[in-house]
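My request is simple: use the sequences and hints to build the entire structure.
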Amino acid sequence: MGATVDWLRTTTPGLLVLCGLAIAVLLIAIIKVKLEPFVALLLTGLLLALAAGLPISQIVGTPLKAGESLLETGFGGILGHIAVIIGLGTVLGAILERSGGADVLTDKLLKVFGEKGAPIAMGLLGLIFGIPVFFDIGIFVLAPLIYVAAKRGGRSLVLYAMPMLAGLSMTHAFLPPHPGPVALGGLLGVSLGWLILMGFVCGIPGFIAAGIVWGSYIGKRVQVSVPEEFVPLEPDEAEGSAGSGGTAVVTKAPPSVALIGAIIAIPLVLILGATFGYQLLDKDSALLQVLTFFGTPAVALLITVLVAFYLLGIRRGSTVQELSTITAESLKPVGMVLLVVGAGAFFGKVISATGIGAALADTMSAAGLPIIVLAYLISCGLRIAQGSATVAIVTTGGIVAPLVAEQGYSQMSIALIAMAIAAGSIILSHVNDGGFWIIAKYFNMTVKQTLQTWTVLETILSVVSFAVAALLFSIV
Numbered sequence: 023m024g025a026t027v028d029w030l031r032t033t034t035p036g037l038l039v040l041c042g043l044a045i046a047v048l049l050i051a052i053i054k055v056k057l058e059p060f061v062a063l064l065l066t067g068l069l070l071a072l073a074a075g076l077p078i079s080q081i082v083g084t085p086l087k088a089g090e091s092l093l094e095t096g097f098g099g100i101l102g103h104i105a106v107i108i109g110l111g112t113v114l115g116a117i118l119e120r121s122g123g124a125d126v127l128t129d130k131l132l133k134v135f136g137e138k139g140a141p142i143a144m145g146l147l148g149l150i151f152g153i154p155v156f157f158d159i160g161i162f163v164l165a166p167l168i169y170v171a172a173k174r175g176g177r178s179l180v181l182y183a184m185p186m187l188a189g190l191s192m193t194h195a196f197l198p199p200h201p202g203p204v205a206l207g208g209l210l211g212v213s214l215g216w217l218i219l220m221g222f223v224c225g226i227p228g229f230i231a232a233g234i235v236w237g238s239y240i241g242k243r244v245q246v247s248v249p250e251e252f253v254p255l256e257p258d259e260a261e262g263s264a265g266s267g268g269t270a271v272v273t274k275a276p277p278s279v280a281l282i283g284a285i286i287a288i289p290l291v292l293i294l295g296a297t298f299g300y301q302l303l304d305k306d307s308a309l310l311q312v313l314t315f316f317g318t319p320a321v322a323l324l325i326t327v328l329v330a331f332y333l334l335g336i337r338r339g340s341t342v343q344e345l346s347t348i349t350a351e352s353l354k355p356v357g358m359v360l361l362v363v364g365a366g367a368f369f370g371k372v373i374s375a376t377g378i379g380a381a382l383a384d385t386m387s388a389a390g391l392p393i394i395v396l397a398y399l400i401s402c403g404l405r406i407a408q409g410s411a412t413v414a415i416v417t418t419g420g421i422v423a424p425l426v427a428e429q430g431y432s433q434m435s436i437a438l439i440a441m442a443i444a445a446g447s448i449i450l451s452h453v454n455d456g457g458f459w460i461i462a463k464y465f466n467m468t469v470k471q472t473l474q475t476w477t478v479l480e481t482i483l484s485v486v487s488f489a490v491a492a493l494l495f496s497i498v
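Read in order, the letters of the sequence shown correspond to residues 23 to 498 in our numbering.
The hints are simulated quantities; they were obtained by calculation from the structure and are not laboratory data.
Please note that a few of the clues may not be correct.
Beta-carbon label-pair distances, calculated as ranges [what the hints assert, rightly or not]:
1) K470 x T26: 43 to 49 Å
2) G42 x D306: 46 to 52 Å
3) A275 x K54: 52 to 58 Å
4) T34 x V134: 56 to 62 Å
Beta carbons: idealized from backbone N, C-alpha and C, even for Gly.
Pasting the structure below:
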């Protein structure tokens with residue numbers, strides 16, 4: 023027995039077996055036992071640390087001092103990086119939604135593209151509105167607008183829904199301030215500016231292939247009618263609606279498209295300015311200091327939220343109390359997201375401490391498997407097995423982080439590895455994914471139709487985006 027334990031803890035094959043067993047336990051806990059991912063990740067991390075023979079003081083600290091333990095540094099390190107960003111991003115999405123911004127964008131895009139180009143308009147709507155809004159919230163807000171477009175066009179609901187869903191999925195998987203990309207920034211040590219840039223570069227081709235090309239193809243072959251219980255609003259009735267309900271921002275008239283676009287662009291421009299300023303300017307430059315301060319993601323998003331509060335709220339008749347209510351309501355779902363990400367980071371920290379990361383690096387080198395391919399395959403496996411993109415991202419990020427740190431990659435290369443992980447986290451959405459059932463419900467599809475449309479869309483988005491990331495990684 024002792025020899026087996028030593029083999030598991032000290033040899034490369036043994037450590038890989040230990041890692042495999044830990045992931046298997048994690049998946050069983052989530053899929054079979056139905057534990058919340060937060061509890062499952064925390065429990066599995068502790069069990070793995072004990073099985074690997076790590077000292078108790080290293081795992082949880084001592085009764086007098088726990089600040090340097092894996093448990094606290096695993097949670098605290100990542101949450102210190104992402105909590106403010108995710109919180110502010112959520113508030114920004116809420117104020118944009120409640121102001122009627124989605125309705126304005128829809129109306130404008132439909133006018134520009136016309137009835138024939140309505141599916142493209144819906145795709146751009148998902149792409150633009152998906153930047154500040156969580157995926158499921160985006161569905162709740164935009165679904166009524168998709169119903170209106172489908173009713174007007176007289177064609178299958180699938181034709182209009184798929185492009186919009188591709189836009190929401192792409193931004194959710196690849197772009198900050200969504201939890202997965204933000205978590206990868208902290209786990210892999212890459213700036214959000216590079217993640218934003220590579221997210222667009224890798225995600226847009228996937229969005230076009232999955233949302234526009236595939237969406238147009240399958241939308242003509244799978245006929246789904248608008249739910250009978252839905253009565254589409256006319257444009258004048260829809261103006262200023264709160265979308266998903268709740269406290270609405272009081273408005274005298276709908277905000278302009280230019281205003282909504284400018285507000286969404288503020289954090290992207292500030293963060294990218296700091297990223298490229300660091301590359302191009304002298305490190306002692308006063309301009310660089312200014313760009314760095316305002317381009318820090320938390321500061322950039324805080325500025326954007328304050329601008330949105332004033333331009334979409336105060337100036338349009340809302341009180342500070344009403345804005346505070348919207349803020350409080352929007353932040354309620356964030357707690358569980360942060361706990362899952364923190365537990366995933368702890369799990370990754372344990373994997374790193376056990377030496378499994380080094381063992382994976384040795385195995386990968388012997389097999390000649392590029393790190394970007396390994397990252398994608400691990401993320402794919404976790405996504406298919408347990409359904410959560412966020413769990414797949416943070417778990418894969420924790421496994422891959424030690425390998426990335428050892429290689430001394432550039433920021434661009436690390437961002438591309440992050441994109442590979444993000445791409446793997448959305449592949450083959452099926453019945454173990456909560457989003458699968460939300461889409462089936464909101465867009466009036468059977469399980470078979472959802473598999474034919476949404477599942478294939480996610481797989482195309484994943485594969486195409488990964489192919490772009492892998493190609494660029496091979497070049498740089």
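Which numbered hints fail: Violated: none.
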